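Chemist: Chain residues, written in single-letter form:
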Amino acid sequence: MHTQTIPALAGCVAAVALSVAPAGAAPNPGAAAMVRGAHFSPDTPSVDVYLTSFSGGTTTLALSNVGYGDVSKYQRLEPGLYTVGMRPAGASPSTPVVFSWKLDAKPGAAFTALAIGMNKSLQGRVLPDDVTPPPSGQARVRIIQAADRAPAARVAAEKGPVFGAKVPFAETTGYAPFPAGTWPVTASSAENPNVTTTTNITLTAGHDGSIVVLDDTKQGISVRFVDDAVGTDLPPAGPVATGGGSTAVVASRGPTLSAAAWTIAGLTFAATVALAGAALRRPRSQS
Amino acid sequence: MMVLMAMLCGASAALAWTAAHRDVAPATLNASASGTVLVARTPVRAGPLPVRIVIPTIAVSADIEPLHRAADGTLNTPQQWNDAGWYADGVVPGQRGPAVIVGHVDSARDGPAVFYRLRQLQPGDQVLVETSDAQNHRFVVDTARKFAKTSFPTELVYGPTPMAELRLITCAGSFDRASHNYSDNLIVTAHAAETPEL
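So the sequence lines, in the order shown, correspond to chains D and H. According to our numbering, the first sequence is numbered sequentially starting from 262. According to our numbering, the second sequence is numbered sequentially starting from 25.
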């Protein structure tokens, strides 16, 4: 057991930085970040996921006993820098992690911390999860290809969209918009057409999600859909007209408000005077 | 002052809806000129619907009206000054995604309305939404910010979220007597309290 450096980490972190700062705006400053864990390594036993804050240094058991194919619910996370680590399920927190990587958790942003690949070449990644609205009538979808039995997978709907033409095992795609609706989605190995599965997948307009391709419990593969974020298709346009104006500050009536405003102004003035007085009285030897 | 405000609230609640109010949706809904397809007015919903909102710290306890988009695409507003309104073609409070509840800050003539004190909400304050199955969904305020109506943050309000969230909206800023419109929207974001914290 060792701490593994992940070559893809730098790329991951760059992608995180890009995805959470569209057009230079944080999605929702003051909000929490969100993180979930997932296990996509077919031959790796269940794991526990730990988070360690850079600032406090405290380690939290975020998720326990995450097995192959599991995608946890999201948990809220104070924004900041974290180390995400995984240990075999039930292992003591004092034992070394299988691997660890950095998570820059921005407010309002969401992440999936996942283990992927075969055990001998296990990789840990933190994927930024999309929270951007899809175009009207569409869903934004990515593929997480975690089926070892399909070294490269084609994921497509019959007479419908092609979600991925040749996605290698242990790779994930970026999000792309696809028409909403229920699609019979077939995932199959590009090399071996006998390795194939078809499942009805419903894409809901306004949602962001992941199509996950997995080895099944027998000899084949399976495919399923996981909602990443849920939004509103065709949101109402523009602002909301929720006021009649009778308490507006410019109103000639509304004496209660004027009184309140004067009280606040008075208190603010008094506080300012008090502060100024305190500042003047302060000894100047420190300058 | 609180007593006076309560009296004003009561008075405005007792008043009938005035036809002069500009937020009333047109009686008939025509296809828009641009050919945009409007969403169904009464979507089929299987689950529970929000019926009441309670915000203890600012003494809000109000019925919830279902709201839809007006013909011009904007969100209709509650017919009663002291009702809140829920965007019924969006997310149900307590389910994943951003549920949107709006309320008037004041009436046209009779003082404060249901969300008059929304400006006093602080991060950490609780908001309770009761659904028709008698469940109470508890939310905790994260942020409260004013936005000019000319730059309304549609994505912040309606955009996808990984977890169950709530947005409360009312008016703020200065009131333009010519257009009968406040300059800003006050937008409160909150998250479902039962969601696990790390």
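Just so you know, these hints were derived from the structure itself, not from any lab. Note that this is a predicted model, so its numbers are computed, not measured. Think of the CB as a built atom: it goes at the ideal place given N, C-alpha and C, for glycine as much as any other residue. Warning: the hint list may mix true and false statements.
What the hints assert, rightly or not - Pair by pair, the computed Cβ-Cβ distance ranges are:
1) 307/D <-> 103/H: 46 to 56 Å
2) 81/H <-> 422/D: 28 to 38 Å
3) 81/H <-> 393/D: 49 to 59 Å
4) 157/H <-> 393/D: 31 to 41 Å
5) 146/H <-> 479/D: 54 to 64 Å
6) 90/H <-> 443/D: 35 to 45 Å
7) 203/H <-> 326/D: 31 to 41 Å
8) 457/D <-> 90/H: 20 to 30 Å
9) 393/D <-> 201/H: 31 to 41 Å
10) 170/H <-> 320/D: 38 to 48 Å
11) 160/H <-> 379/D: 20 to 30 Å
12) 147/H <-> 318/D: 36 to 46 Å
Chemist: Lying within 31 to 41 Å: is that true of the beta-carbon distance residue 393/D to residue 201/H?
Modeler: 39 Å, holds
Chemist: Check the following: the C-beta atoms of residue 81/H and residue 422/D are separated by a distance inside 28 to 38 Å.
Modeler: 48 Å, violated
Chemist: I want to verify a distance hint. Is the separation of the beta carbons of residue 81/H and residue 393/D within 49 to 59 Å?
Modeler: 33 Å, violated
Chemist: Do the beta carbons of residue 457/D and residue 90/H sit within 20 to 30 Å of each other?
Modeler: The hinted range 20 to 30 Å is violated for residue 457/D and residue 90/H, with Cβ atoms some 45 Å apart.
Chemist: Starting from the range 36 to 46 Å, see whether the pair residue 147/H and residue 318/D falls in it by beta-carbon distance.
Modeler: 25 Å, violated
Chemist: The hint says 46 to 56 Å between residue 307/D and residue 103/H; measuring C-beta to C-beta, is that right?
Modeler: About 54 Å separates the Cβ atoms of residue 307/D and residue 103/H, which means 46 to 56 Å holds.
Chemist: Take the C-beta atom of residue 160/H and the C-beta atom of residue 379/D, compute their distance, and say whether it sits inside 20 to 30 Å.
Modeler: 47 Å, violated
Chemist: State, for the Cβ atoms of residue 157/H and residue 393/D, whether the hinted interval 31 to 41 Å holds or is violated.
Modeler: With a Cβ separation near 32 Å, residue 157/H and residue 393/D satisfy 31 to 41 Å, so the hint holds.
Chemist: How does the Cβ-Cβ distance of residue 146/H and residue 479/D compare with 54 to 64 Å: does it lie in that range?
Modeler: Roughly 55 Å apart at Cβ, these two residues keep to the hinted range, so it holds.
Chemist: Does the Cβ distance between residue 90/H and residue 443/D fall inside 35 to 45 Å?
Modeler: With a Cβ separation near 27 Å, residue 90/H and residue 443/D fall outside 35 to 45 Å, so the hint is violated.
Chemist: Look at the Cβ atoms of residue 170/H and residue 320/D and judge whether their distance stays inside 38 to 48 Å.
Modeler: Cβ of residue 170/H to Cβ of residue 320/D: about 39 Å, so the range 38 to 48 Å holds.
Chemist: Does the Cβ pair residue 203/H, residue 326/D satisfy 31 to 41 Å?
Modeler: Violated, at about 59 Å.
Figure legend: structure checked against the earlier numbered hints; hints not met, in rising order: 2, 3, 6, 7, 8, 11 and 12.
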